[in-house]
Amino acid sequence: MSTRRTVRSGGPAARTPLSRRGFLAGGAAVLAAGLAACGDRTSLVAAAPSGSTGRLSIGAIPDQDPEVLQRLYRTVADSMSGALDLDVAYQPVTDYAAAVSLFRTGDLDLVWFGGLTGVQARLQTPGARPLAQRDIDADFHSIFVVNTATGLPPSEDLTPLAGLRFTYGSETSTSGRLMPAYFLQEQGVDPAGFPGGPGFSGSHDATLALVASGSYQAGVLNEQVWTARSEEGAVDPAVVRYSRTPAYYDYHWLLGPQATERLGEELPGRLTGYFTGLSADDPADAEVLDLFGAGAFIPTEAGNYDRIEQIGRRLGLIS
Amino acid sequence: MTAVLDAPPVARPRLHRVRARWGWGLGAVAVVVWSLAGAGLFAGEVVNPAGRAQFGRFASAALSPALDAEFLRVLVTGALVTLAYAALGAALAVLLGALGAVAVARTTWGRRRLGWTLTRGALAVPRGLHEAVWGLLLVNVLGLDPWVGVLAIGLPYGAVTAKVFADLLDEVPRGGHDALLAAGAGRSSAVLYELLPPAAGGLLSYSFYRLECAVRSAVVLGLIGAGGLGYQLSLSFSSLRWEQVWSCVYALALLCLLADVTGRAVRRRLAAPRSSPTRLARDRVLTAAVLGSLALVAWSWWYLAVTPATLFAERTREQLGYVLGAAWPPDTDADLLASVASLAVDTVQMSVIAIAVATVGAVLVAGVAARPPGRMTPGRRLLGTVVRLGLLLLRAVPAPVWALVVLFVLLPGVLPGALALGVYSFGVLGRLAAEATEELDPRPRAALAALGAGPAAGWLYGVLPRATGPVLAFALYRWEVAIRDSVLVGVLGAGGLGALLATQLATFDWGAVATTLVALVLLTLAVDLVSARARQALR
Numbered sequence: 002m003s004t005r006r007t008v009r010s011g012g013p014a015a016r017t018p019l020s021r022r023g024f025l026a027g028g029a030a031v032l033a034a035g036l037a038a039c040g041d042r043t044s045l046v047a048a049a050p051s052g053s054t055g056r057l058s059i060g061a062i063p064d065q066d067p068e069v070l071q072r073l074y075r076t077v078a079d080s081m082s083g084a085l086d087l088d089v090a091y092q093p094v095t096d097y098a099a100a101v102s103l104f105r106t107g108d109l110d111l112v113w114f115g116g117l118t119g120v121q122a123r124l125q126t127p128g129a130r131p132l133a134q135r136d137i138d139a140d141f142h143s144i145f146v147v148n149t150a151t152g153l154p155p156s157e158d159l160t161p162l163a164g165l166r167f168t169y170g171s172e173t174s175t176s177g178r179l180m181p182a183y184f185l186q187e188q189g190v191d192p193a194g195f196p197g198g199p200g201f202s203g204s205h206d207a208t209l210a211l212v213a214s215g216s217y218q219a220g221v222l223n224e225q226v227w228t229a230r231s232e233e234g235a236v237d238p239a240v241v242r243y244s245r246t247p248a249y250y251d252y253h254w255l256l257g258p259q260a261t262e263r264l265g266e267e268l269p270g271r272l273t274g275y276f277t278g279l280s281a282d283d284p285a286d287a288e289v290l291d292l293f294g295a296g297a298f299i300p301t302e303a304g305n306y307d308r309i310e311q312i313g314r315r316l317g318l319i320s
Numbered sequence: 014m015t016a017v018l019d020a021p022p023v024a025r026p027r028l029h030r031v032r033a034r035w036g037w038g039l040g041a042v043a044v045v046v047w048s049l050a051g052a053g054l055f056a057g058e059v060v061n062p063a064g065r066a067q068f069g070r071f072a073s074a075a076l077s078p079a080l081d082a083e084f085l086r087v088l089v090t091g092a093l094v095t096l097a098y099a100a101l102g103a104a105l106a107v108l109l110g111a112l113g114a115v116a117v118a119r120t121t122w123g124r125r126r127l128g129w130t131l132t133r134g135a136l137a138v139p140r141g142l143h144e145a146v147w148g149l150l151l152v153n154v155l156g157l158d159p160w161v162g163v164l165a166i167g168l169p170y171g172a173v174t175a176k177v178f179a180d181l182l183d184e185v186p187r188g189g190h191d192a193l194l195a196a197g198a199g200r201s202s203a204v205l206y207e208l209l210p211p212a213a214g215g216l217l218s219y220s221f222y223r224l225e226c227a228v229r230s231a232v233v234l235g236l237i238g239a240g241g242l243g244y245q246l247s248l249s250f251s252s253l254r255w256e257q258v259w260s261c262v263y264a265l266a267l268l269c270l271l272a273d274v275t276g277r278a279v280r281r282r283l284a285a286p287r288s289s290p291t292r293l294a295r296d297r298v299l300t301a302a303v304l305g306s307l308a309l310v311a312w313s314w315w316y317l318a319v320t321p322a323t324l325f326a327e328r329t330r331e332q333l334g335y336v337l338g339a340a341w342p343p344d345t346d347a348d349l350l351a352s353v354a355s356l357a358v359d360t361v362q363m364s365v366i367a368i369a370v371a372t373v374g375a376v377l378v379a380g381v382a383a384r385p386p387g388r389m390t391p392g393r394r395l396l397g398t399v400v401r402l403g404l405l406l407l408r409a410v411p412a413p414v415w416a417l418v419v420l421f422v423l424l425p426g427v428l429p430g431a432l433a434l435g436v437y438s439f440g441v442l443g444r445l446a447a448e449a450t451e452e453l454d455p456r457p458r459a460a461l462a463a464l465g466a467g468p469a470a471g472w473l474y475g476v477l478p479r480a481t482g483p484v485l486a487f488a489l490y491r492w493e494v495a496i497r498d499s500v501l502v503g504v505l506g507a508g509g510l511g512a513l514l515a516t517q518l519a520t521f522d523w524g525a526v527a528t529t530l531v532a533l534v535l536l537t538l539a540v541d542l543v544s545a546r547a548r549q550a551l552r
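Chains as they are written, first to last, in my numbering: chain A, 2 to 320; chain B, 14 to 552.
Extracted from the complex, chain A is given alone in its bound form (with noise of 0.2 Å):
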């Protein structure tokens, strides 16, 4: 019988050179000692919270081309951060929801939202100001589309939309859902009523797709992406565009009162000038406007806005 196991089964023991309080303390100590030393990494995910550092957390909900805004969007950061003498960090987001809880919160100082999340974020984030938007923000439209199949031509009607399955976007994109829905109302067509309820594709690309599959025969998205896939010649021949909406106020950069606070009373002078500042002339410049698919970036206030929260309000968008 080997010593360890008379030692186990209860045999005369071996003295051990370590006791046993002494070795879990030791243990401890050299856990509580790792755990401390990486205290000061900062992660691949997460910014270390804005709180002292001379950082400016920058975010965008994911509109447009998501997947190319929030890849490339290091080449804002990179300008902003060289125009501006500032620590400028990109933190990727997902869910339009998930970009107003972290403004609310501080994660992200400067975003850049739509409409009716732009009013959402401010109006939880009391002292938040909105800075500067496109050229074409002032003047934004919406495309109605439709499935070739239901056979409509082009119209400024939209009551003939009310009998078809119908899509819109995100639940809370400005262009995809209350914009367009809003003017469904103003033709008396009950913005929720579609045959089975309205669906909520979750982005632009996903109601072409939908409305071209024609498991939704009608659909409405932003005439910026709409646009775009049209030149691209993305869009699948089996859907065509039935309606434009009236002109509306749509993406803005928001500033979060946090950071005025802790990088001084004049930053919000300073990235509005930033952002206006842009030129289409300049490469590096045109780069960045290139990405917004903007002439320019123009400023912006808070009353442009109240129109949205009006119909928000409505909608039962905002609560």
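Just so you know, these hints were derived from the structure itself, not from any lab.
Since this is a predicted model, take the numbers as computed values, not measurements.
All residues carry an ideal CB built from backbone N, CA and C; glycine is no exception.
Do not rely on the hints blindly, as some may be mistaken.
As the list claims (entries may be wrong) - Derived contacts from chain A toward chain B, CB cut-off under 7 Å, selection only:
| # | residue |
| --- | --- |
| 1 | A99 |
| 2 | A210 |
| 3 | A297 |
With chain A's structure known, arrange chain B on it following the hints.
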């Protein structure tokens, strides 16, 4: 010879139908028919043949995944993040499970049934919510912090683990424990020396199983923004870049396969220990696996840069106060309650159809997917591998992706959501059914084959009757999971409580969110009770 003939006939049990089983069986058929009727299967058009082209685009991209170097680099980082979340989440679950097991074990409560029932009931709350729902809630409290992903896996898994650990402890024979108590040992010593060692194998085996599940959950969390493979998948998914989606799916399948294989090896080893009776030594493989997992957890902690400080930060308390303040009291207006009730019915129908589809599929492929004992022809081996890989892919494509893709070829309604869930559950259940088949006694089938029965007949008469019980039991387990997963597919017009919850979360209607969450927890609890009773009848 005569002695045998003269012997009194052996009393044979009479073959009779068990009433309870028939009751449950007919009830199940009725519920499935009711669900299909509710999904509109008998009421008119449900298929949309025109959508085949869109579906084809998704399917054909499977053969041409995006493989450019930059994207592959993104995938590798994503896989590491996913693995780190899974490891930390599973570790937290095991830790919480160990603590929770003490709180809910019968051993702790003895004859005090009320206390036991109450603590068990309390576990139903974290368990009743999907990891993704936990994630969405935690983002609101913790913001962009790795704890969101870790807690979202650890909390619900911890509750499940606590229940299983407690059951494992309670099932250990009491003799030694009682003897120690009688000899004057303290209760904790009695448990530590007489209950824990015999249960250790089961506990370890289950812990590794949790790690496997955590990998899949970590991906779902990525979909809601916790980073990793799921995050890359959701980015590519929202602009419908199917080639990239497939690359993510393959990476994910590889990760799942890795977790499956190691987990299975450990569990096999635990089921059939290799220690020789003459030498009391630790199993090297198991020691390596445990040490390796501890190292993995430590690495994950470092890699994700988790720090306990954020949990106790001032801001966390503020945000928790904000959310709780907005959510309390839950909304109870009649309209909301009525729609919650009717959507709960949709959710139940969706989950029933999903599980019915998955069970039928699982039973059909189980025979082929199982590795039969003995030698196999190369063709049979290849077929088995292909089916197993197919099942792996079915469960590696996340449920929300299935929901959109199925919607191309089916008209909107409960049915596409149910099928999306069904296809995904089929991937899981098919594997479980194959494993159950492998564990059956091979002799009846061998006897049939020796008597000249063909493979199909051998399977029908030698395997199917005995595999039905365990497969149905697994299906009933998965039913509860399907209820929770229905949250993921609800959004796309599929309806159910998931769609309602998505709307409420998107509009920050916290009071209504609270109501829906309560409804979801109650629904999961109810399904859990029904499924437990049905499983009892199966035994």
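Right, here's what the structure says about each hint:
1. This hint holds: A99 of chain A has a C-beta 5 Å from the nearest C-beta of chain B, less than the 7 Å allowed.
2. The beta carbon of A210 of chain A is positioned within 7 Å of a beta carbon in chain B (closest approach about 5 Å), and the interface hint is therefore held.
3. A least Cβ separation of about 25 Å between A297 of chain A and chain B goes past the 7 Å threshold, and the interface hint is therefore violated.
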